[in-house]
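Dock the two chains into a complex; use the hints.
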Amino acid sequence: MVKATIKKIASTLMIAGVAITVASTTMAAGKISGKTERMVRSDYVTAVEGKTVAYVPISLGLPLSDYWMYGIQTSAEAAGMKFVVKDPAWKVDAMTQAISALISDKVDYLVVQNPDVQVLAKLLKKAEENGTHVIQLNMASNYRSSGFVGVDWVSHGEEIGQDIVKECGTGSGKSGKVAIVQGELTAAANVWFVAGLKKALGEDSAISIVNDQAAQWDATKAHDITAAVLQQNPDLCATAGVWGIMMLGSGQAVKEAGLSDQVLVYGSGSNSRPVCDALESGVLHKHFSYDSILQGRDVVNAIQAIAQTGLEPGEKPFALYSPIMIQDSKTVKATDCHDLIAK
Amino acid sequence: MSRQDLAETAENASLNQNSYAKKGWLKKPSQELIVLATALVCFLFFAVTLTGFASFGNLVTMLRSIAVLGILSTGMAVVVIGRGLDLSQVSVMAISSAWVLTLMSSDMSLVTIMFLGLGFALVVGILNGWIVAFIEIPPLFATLATGLVCFGVGRWVLLSGVHAYPPKEAADFLFLGQGIVFGLPMPVLIFLVVAGVIHVFLRRTTIGRHIYGLGDNILAARLIGISVRPLIILTYMISAAAAFIAGITTAATVASMNTEIVNSTLIFDVLLVVVLGGVSLSGGRGGIVSVVVGAILIGILLNGMTILNINSDVQNIAKAVVLLAAIIVDRRLHPKDEETDKQGDH
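Protein chains in written order, with this note's numbering: chain A, 1 to 343; chain B, 1 to 346.
Keep in mind the hints are simulated off the structure, nothing from the lab. Note that the coordinates shown come from a computational prediction; the quantities given were computed from them, not determined experimentally. There could be a bad hint or two in this list.
Claimed, not checked - A few chain A positions that, by computed beta-carbon distances, are all more than 12 Å from chain B:
1. Ser104
2. Glu167
3. Leu185
4. Leu230
5. Gln304
6. Thr309
7. Tyr321
8. Ser322
9. Pro323
Stated by the list, open to error - Listed next, the in silico BS3-like pairs over lysine-lysine satisfying Cα-Cα at most 30 Å (straight line):
10. A:Lys125 to A:Lys51
11. A:Lys125 to A:Lys91
12. A:Lys35 to A:Lys91
13. B:Lys319 to A:Lys91
14. B:Lys168 to A:Lys255
15. B:Lys168 to A:Lys330
16. A:Lys82 to A:Lys316
17. A:Lys333 to A:Lys174
18. A:Lys330 to A:Lys166
19. B:Lys168 to A:Lys333
20. A:Lys122 to A:Lys316
21. A:Lys82 to A:Lys122
As the list claims (entries may be wrong) - To spell it out: a stretch of chain B is covered by chain A in this simulated footprint if at least three of its residues, at any positions, have a beta carbon under 8 Å from a beta carbon of chain A; those stretches are:
22. 187-200
23. 251-259
Backbone N, C-alpha and C define an ideal beta-carbon position, used for all residues, glycine too.
This is chain B alone, in the form it adopts within the complex (with noise of 0.2 Å):
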């Protein structure tokens, strides 16, 4: 295909989301203001229902219940905003926070330890976009795979055990996950924090703006100039980084780590968050609030059945209801044309 041709193909997809778009704008409420609607009438219905669901103290235990959940999906609609997906994310929060817990056992400073853990997600956002940018295999499987290789090498070579524990005293590490500060606990400020950087970073800078135009029409970015394989690698360096912040709150709040949790069901969880916040799995569309509101109705949730006494099965059958329900009107709302296609979706 020619400059030309190219030129012109991001120029009519363009114009076909446009069109799309203000549809949806027109005819139809955005998933975002579905989303918050529906986590009113939840929390209306438990409020009125449940005594004590709409105290101070429940809410709080509420926003901590999905702080860690929240900042991985804060990650995770990044990447999902410039089109990608980020399947290790789960190996990289387990394994780097697991690492730092064993490395407290020895002589180094808690900060070194700190970029040391970093440092290893780091890599593996670097190792993800570049496979991703550069080789461009699909993320669905590039990041399937660079997970297993993170578990495994982390398993291997730098932990000892499935389960790190820190130890006796780690006091000053613990507060991460442990401390109150203004009335709120530590995970759910950290989450606070790391969602309100993102939500200034995608909207008010340049390179945040340039990641929602590489999602939206990558051949189009490409062409006004914005350099799309370095941008895809920040994508996921920004997602390794969210997700070791999540591994030491995680690890912080319950003094030790389960790396066993990739076994579970929280990278699915994770996308249930971004998905049902209105981040198109199309790429481009979505913003860090309505992940944040996404969070929220998912905790409401969660919460409420909790204090049901509801199975955890049957929870996890609600979840996906929930999910199910939500990419259905992300269907509906941003139908797949020749352009949002992905290899990987069939």
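For reference, chain A alone in the conformation it holds in the complex (with noise of 0.2 Å):
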């Protein structure tokens, strides 16, 4: 009996002992996290607060680089960043310029879209030797730089190829005839686009591309350009190009030919106003959306990230995906698009 009761009072010792030892690690756990989280957050504030972030786009005043800004803006602010933008207006010489001024004011993070491949390399690269921590936005060039922020073109033009393949090419019953409405032959975009779409099409023997021209950017253009074709393929099915917006003027051009019901006109770019217009209205038949807001948003996600890594300018290049919907005539919602930013 006093054996038990020894034994019951030993385990009960036990289960107490055990217990205030588990209380007191929690506790001296509780007090590590503390500090830790004062750590990250003091680090954060270190490596982000006050750093400057300058935003290059080709142009502003379209709804992409509109909405980019709008994106990257708000999210550099919030976090205490400071903020600045040049507006090239179209001109390759003035944003050499900016891009030039910007390398000497020493900014720590240089946002850029490139107008091609080539014309920007050299100046970005100069710009990460002198420190500043350069990211590519949408369209890259030739030079490798901290990150790319942006659309994985080839993947995107083959997604749209295979949709095409899948409307138009063998088993469905139409001529299989697709006309390809190139941006700006040099532009990034265009040409991994062009390429990852026609890699596409070309896995089906039953497509065939019946023309394939540039209207460098230009709705006029491809409206045109599309007109002219349709003249010649009135049994076309499908039409495709780079950009939603100028792919309005050839969605034009199909409605013209009452043609509406048969050719199919594929776009690709921000989800706009005007793009979801064009759908409703039946102009367009399906755009590959992404937003750039929050493209915008994933730059600076970007940027506060290579911050606290303390990496060098183009140590470990990295680049972010942005994510693809696609938006169809049938089953737009007006919801689906962003208004245009007013100035």
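In structure tokens:
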């Protein structure tokens, strides 16, 4: 009996001991967690706050670049960073001047949309050698800088190509004729998009590319090219181009020819209001969209990560590819698009 | 130079020119005929080699693709006949029409908005004419500068972006670019009406004939009592009005206006058509019919090359070669002399 009582007391003491040990360990852990939190916070503040993010698009005043600016500016300022923007208004010389000035100002982070693969490559390299991290936005150059944020163009083109093959290829009962409307022949986005598109189209022998011309990002040119192509190929099955706003011209030519039910018009780009309007009115059929405001936020997220890792510019280049959503004229809703940002 | 000297210079110059003109008619075919023949040859070549090229549908498509270029060119032709040059035309076209699209989101009626857009274009036209006529700045520099000012002011004050879009409910407006009347697309009809009106104006009205006089010999024109300065302003106003109409036609066709068109080669295409059509850059010669023929030649070339799937950069080379050939022919047919010499040519 006494033995049993002693055993009970001993086991109770043991349980109490374990409980006290666990409790004290937990408390200690709590203390450590709070300290870590403070360290993380203070490292973050030191690395991020007060740093300057400079943004140089090809031109402001377009839905795409205005959304980017909104995304970058709001996220950067929320993180305590300074935001600077330069608008070269489509002029490459103004763009190189702006970037050169930012290099000499030694800005911490430079976000650039390249007009083509070559023109800014050397300048971006110089910026990184000078200590500025360069994030290339959506349109990259031949120089691989700290980071790329944007669309994975080759697979993006491929995705659209595969959709066209499904709609127009073997077994569809359609002509298989496809017309490609390119943007600028030397723009990275265009080059890679068309490479992916052609790769996918080439996988079905029933598909033939009947026309492949550059409209230089101009809807009027896209309109005239498509109108001429339709005269020659009234049984065209689809026409695709890298930029939805430019493809509005192609879509209009298809509509004028009374072939909206037969010729599918594909575009890609940001989900801006004119795109949703065009999908609703049947000028465009499918638009492979990416959210440019979120791309702007991705840029700032990437910058915050770089800032805290302490990597040198260009030390570990990375890419953040943007997710794509397919907008269809049959299912599109007004809320799927962003309104244009007023000045 | 005394008044008498001026009169003598004018008389001599006029005589010189007449002798050139006579020589031209007697010894060489006119440029208009050469262009028409070239257009016919190109047309036959494509008609034989490309199936579907000569179909009615394709011809309408071709006319449609040159309609805007044609409208701009008829306006430019008036200025060039008066021995001027309007490099601000594409700026005026882009900004006035983009402003119209922007205003369409407001409560104003379409008619009011159109008048505002036209008003803006005419103000730039008057400014151009005033600088050229009264301050006597060569048109090359004057219009280059006003074009930049017009674009800058437009982007900064009037527009909120590079692109302008009409609101979704704009069927009346879009009809101007997308409608079909008597089997012809609206842009083609607008082009024909503008060309017709300007042709009659130049050939059948006194003021129109005075513009030829102005371009042929400004001193002589002044001496016979033509008010040359207001006339110069009028030519730039016509050019600006044509730019506005071309802008509206473009905007209504593709339901958007890309003001970046200012940085394109459009203004050179316009000059190409004007010079190709036999409107001499020395002024005083050519007519709207020949401009229409020039536009059609360019239309045939571009349409044929598009059907042949020739890259647009190569198409630009072809256009450039044609422009160069036209300027050389222009120079051969209308050799320069003291009288036709202009500031800014060298």
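Taking the hints in turn, this is what the structure says about them:
Listed as outside the interface, Ser104 of chain A is consistent with that label: its C-beta sits roughly 26 Å from the nearest C-beta of chain B, beyond the 12 Å cut-off. Every Cβ of chain B is farther than 12 Å from the Cβ of Glu167 of chain A; the closest lies at roughly 22 Å, confirming the non-interface assignment. Not every CB of chain B lies more than 12 Å from the CB of Leu185 of chain A, the least distance being 7 Å, so the non-interface label is violated. Here Leu230 of chain A does not stay apart from chain B, with its beta-carbon only about 8 Å from theirs, under the 12 Å limit.
Even its closest Cβ contact with chain B, about 29 Å, leaves Gln304 of chain A beyond 12 Å, as expected for a residue assigned away from the interface. With a least CB separation of 37 Å from chain B, Thr309 of chain A remains clear of the 12 Å interface cut-off, as annotated. The Cβ of Tyr321 of chain A lies farther than 12 Å from every Cβ of chain B, with a closest approach of about 26 Å, so its non-interface assignment holds. No Cβ of chain B approaches the Cβ of Ser322 of chain A within 12 Å, the least distance being about 22 Å, so the stated non-interface status holds.
The non-interface label for Pro323 of chain A is consistent with chain B: the shortest C-beta to C-beta separation is roughly 25 Å, beyond 12 Å. As the CA atoms of Lys125 of chain A and Lys51 of chain A are separated by approximately 20 Å, the hinted pair is consistent with the 30 Å bound. With a C-alpha separation of about 20 Å, the suggested pairing of Lys125 of chain A with Lys91 of chain A holds against the 30 Å cut-off. Between Lys35 of chain A and Lys91 of chain A, the direct Cα distance comes to roughly 51 Å. Violation of the 30 Å bound is thereby established for this hinted pair.
For the hint linking Lys319 of chain B to Lys91 of chain A, the alpha-carbon distance of about 24 Å falls within 30 Å, and the restraint holds. With a C-alpha separation of about 16 Å, the suggested pair Lys168 of chain B and Lys255 of chain A falls inside the 30 Å cut-off, and the hint holds. For the proposed pair Lys168 of chain B and Lys330 of chain A, the alpha carbon gap of about 17 Å is at most 30 Å, so the pair holds. Taken as a hint, the Lys82 of chain A and Lys316 of chain A pair is honoured in the structure, with Cα atoms around 24 Å apart against an allowance of 30 Å.
Distance restraint check for Lys333 of chain A and Lys174 of chain A: the Cα-Cα separation of roughly 29 Å lies within the 30 Å cut-off, and the hinted pair is therefore satisfied. Distance restraint check for Lys330 of chain A and Lys166 of chain A: the Cα-Cα separation of roughly 17 Å lies within the 30 Å cut-off, and the hinted pair is therefore satisfied. The hinted pair formed by Lys168 of chain B and Lys333 of chain A meets the criterion: a straight-line CA distance of about 14 Å does not exceed 30 Å. With a CA separation close to 19 Å, the supplied pair Lys122 of chain A and Lys316 of chain A stays within the 30 Å bound.
Annotation: proposed proximity of Lys82 of chain A to Lys122 of chain A holds, straight-line Cα distance about 26 Å (limit 30 Å). Note: the segment 187-200 of chain B has 0 residues with beta-carbon separation from chain A under 8 Å; the three-residue rule is not met and the coverage is violated. Figure legend: the segment 251-259 of chain B, annotated as covered by chain A; annotation consistent (5 residues with Cβ-Cβ distances under 8 Å, at least 3 required).
Of the hints listed earlier, those the structure fails to meet are numbers 3, 4, 12, 22, in rising order.
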